[in-house]
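2 protein chains.
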Amino acid sequence: MNDISSGKLRGIMKLADTNGRFKMMAIDQRGSMVQALADALNKDKADVQYEDVAAIKTLITRILTPNATAVLTDPIYGHPYSITEIPRDVALLLAYEESGYVSEGVAENERLSNPITNWTIEKAQRAGADAIKLLAYYHPDASPETLEHQQAFVRHVGDECEKHDLPFLLELVSYALEGTTKSAAFAKQKPDLVIRSVAEFIDPSYKVDILKLEFPADLKYTAEYQNASFYAGESAYELAEVKEACQKLDETSTLPWVILSAGVDIEEFIENVNLATDAGASGFLCGRAIWKEAVNYYPDTDAVKKFLESEATTNFKNANAAAENALPWFEHRQFGGPGNVKIAKQSATWYQDY
Amino acid sequence: MNDISSGKLRGIMKLADTNGRFKMMAIDQRGSMVQALADALNKDKADVQYEDVAAIKTLITRILTPNATAVLTDPIYGHPYSITEIPRDVALLLAYEESGYVSEGVAENERLSNPITNWTIEKAQRAGADAIKLLAYYHPDASPETLEHQQAFVRHVGDECEKHDLPFLLELVSYALEGTTKSAAFAKQKPDLVIRSVAEFIDPSYKVDILKLEFPADLKYTAEYQNASFYAGESAYELAEVKEACQKLDETSTLPWVILSAGVDIEEFIENVNLATDAGASGFLCGRAIWKEAVNYYPDTDAVKKFLESEATTNFKNANAAAENALPWFEHRQFGGPGNVKIAKQSATWYQDY
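Protein sequences, first through last, are from chains A and B.
The first sequence begins at 374 in this note's numbering and counts up one residue at a time.
The second sequence begins at 374 in this note's numbering and counts up one residue at a time.
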């Protein structure tokens, strides 16, 4: 179907397993990791040391990445100390955006994403990245100024990834313009927010290759999960509506997509993976759902290791098992099967014009 | 010991197996491949079609690379059709040099290497290369003009690899200034030629990361192999001298080195690997010794496949078994063990200056 440039093709092949399913781990958390360490160490966030963040990232990377097809890390705390811990056959995704968001000088409750200062996609490629990940906060009903900023930011990364021929994995994270994301009211909005955001960024002008998406509903507020440990106590919809949202998301996404965990517990995440892959997702890119409790044991590194080797490894294996149901990326209608995937301008002279 | 930049470190990790041993396959032959196809098809070299060269390279890549830690291909016939055949966990080396050599306008019997027109290291990196390979013909007693040309060519590639932070694998191939390489006289010169060439290119100004070297002697002319199928009929030295040459080569090479096959038969190549790894080589980068007979069956692709799946696969497995004796690259005195390998300028701000 669609031909694909050489670098993007090779990069996407590396991110997935041999059968085309993405089983990727995120350890690029910065703000949330520092907060988790502050809680574990009973300190203020500002007093958490760089060395502690780098150390726990190194441990998590060392022990868990052998389960992954790819690992996403950050250039600040992760990459310089973890690079030697990433197995040769686990692909490397590097984050482009600064952690968190800017909300000052922006319309109320709106969020602007920004790059890490002095960090470029050219540097990421030189450093060994097989793909680039960008997290963009997005609310389709934000002010035109905010929408334009976020769209331009995504477009910039798309252009740079095209220039360096690296796969572009775009992560979209919704937020509440009013109230909190931890409410039945926001849960009700979520399918619409996720699907409308996807509708925006599948536009070819953004040059996205893979979408990393929130689950397009909240199982904490789904009637059928009222006996689950994660149930919030009230329902926003029934499971049939959740499945419909997943289906609609898959119909909207003209690109392969994977599901993110947003720090939910592993039980809920496995349900998310099951439902998302039933609808056509190609796997997951998951961090905290797999390993978040490890941080609680820090600085007792023996206890951290023990948790990572036991429970976290089991979590990963369970997520991987759920992802066996995923749609191989090359089976996505964007590509149409392994026999149909080939490099663009395939010929005796491709390298001359490339 | 020596810190290493991020991209080169990640690239070298990918080229080797988990234990640091290189088991790499070359399928970047152009001149010799066209000649082999001409022989098989009973044609003139000029009448061999591009499509046939691409087709046999695709078959060899598809069937044999699952045995390799890395595959070396060329951008003309190999890459555009073979990229989808390279497993996600087999690293990709791309050749930089034009096949063959220029001998016109050059001192008698001397050889100049040149780049492929419209092909750059920047393009190779974008296309997904994990490392760059350059073949340079070299005779330390060539004229100053030839030496300077070859040295400048290697230095150019070293600079470009540094700029793009890709591992630079330099292949040195000796030749005869008088007479033929197929003689006891040349066999006698070989240890000296190989070792003196290594002595030149380990200079840090060339920025080489791994050397791909000829076996520093010729077992065809070694007394102890007089009963071997490959014995030439006369001897230039005894095995003890060959072992001494290997040892001296290893002492001279301040860089990890691998052995090439130069199209010898598999029996001889396995002996080369055994002797080279005994002396400290870190593995091999081997093409024709493993697969050359497959070309004889072309255009009968079923027969080609059958040979690749049976004999050639056995050849590869035997070479891999011999390479289990190799020195892991990180154990080379350049690096000093896995615990000592880390990225240069490792710190919280490495990405800012990188």
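It should be emphasised that the hints constitute simulated quantities derived from the structure, not laboratory data.
Hints are supplied without guarantee of correctness; some may be wrong.
If chains are identical, the list can't say which one is meant, so a pair holds when it fits in one copy or spans any two.
[As the list claims (entries may be wrong)] Simulated pairs of lysine to aspartate or glutamate, EDC-like, Cα-Cα distance not exceeding 20 Å:
1. Lys621 / Glu573
2. Lys580 / Glu684
3. Lys561 / Asp420
4. Lys718 / Asp425
5. Lys690 / Asp726
Evaluation of the provided hints:
In the homo-oligomer, the alpha carbons of Lys621 and Glu573 lie at most 20 Å apart inside one protomer (14 Å), although the nearest pairing across protomers, at 64 Å, exceeds that limit. In this homomeric assembly, Lys580 and Glu684 never come within 20 Å of each other (Cα to Cα): the closest approach is 38 Å inside a single copy and 45 Å across copies. In this assembly of identical chains, the alpha carbons of Lys561 and Asp420 never lie at most 20 Å apart, being 38 Å within a copy and 68 Å across copies at closest. Taking the closest pair of Cα atoms, Lys718 and Asp425 come within 20 Å of each other only across two copies (19 Å); inside a single copy the shortest separation is 48 Å, beyond that limit.
Neither within a single protomer nor between protomers do Lys690 and Asp726 lie at most 20 Å apart by alpha-carbon distance, with minima of 44 Å and 38 Å respectively.
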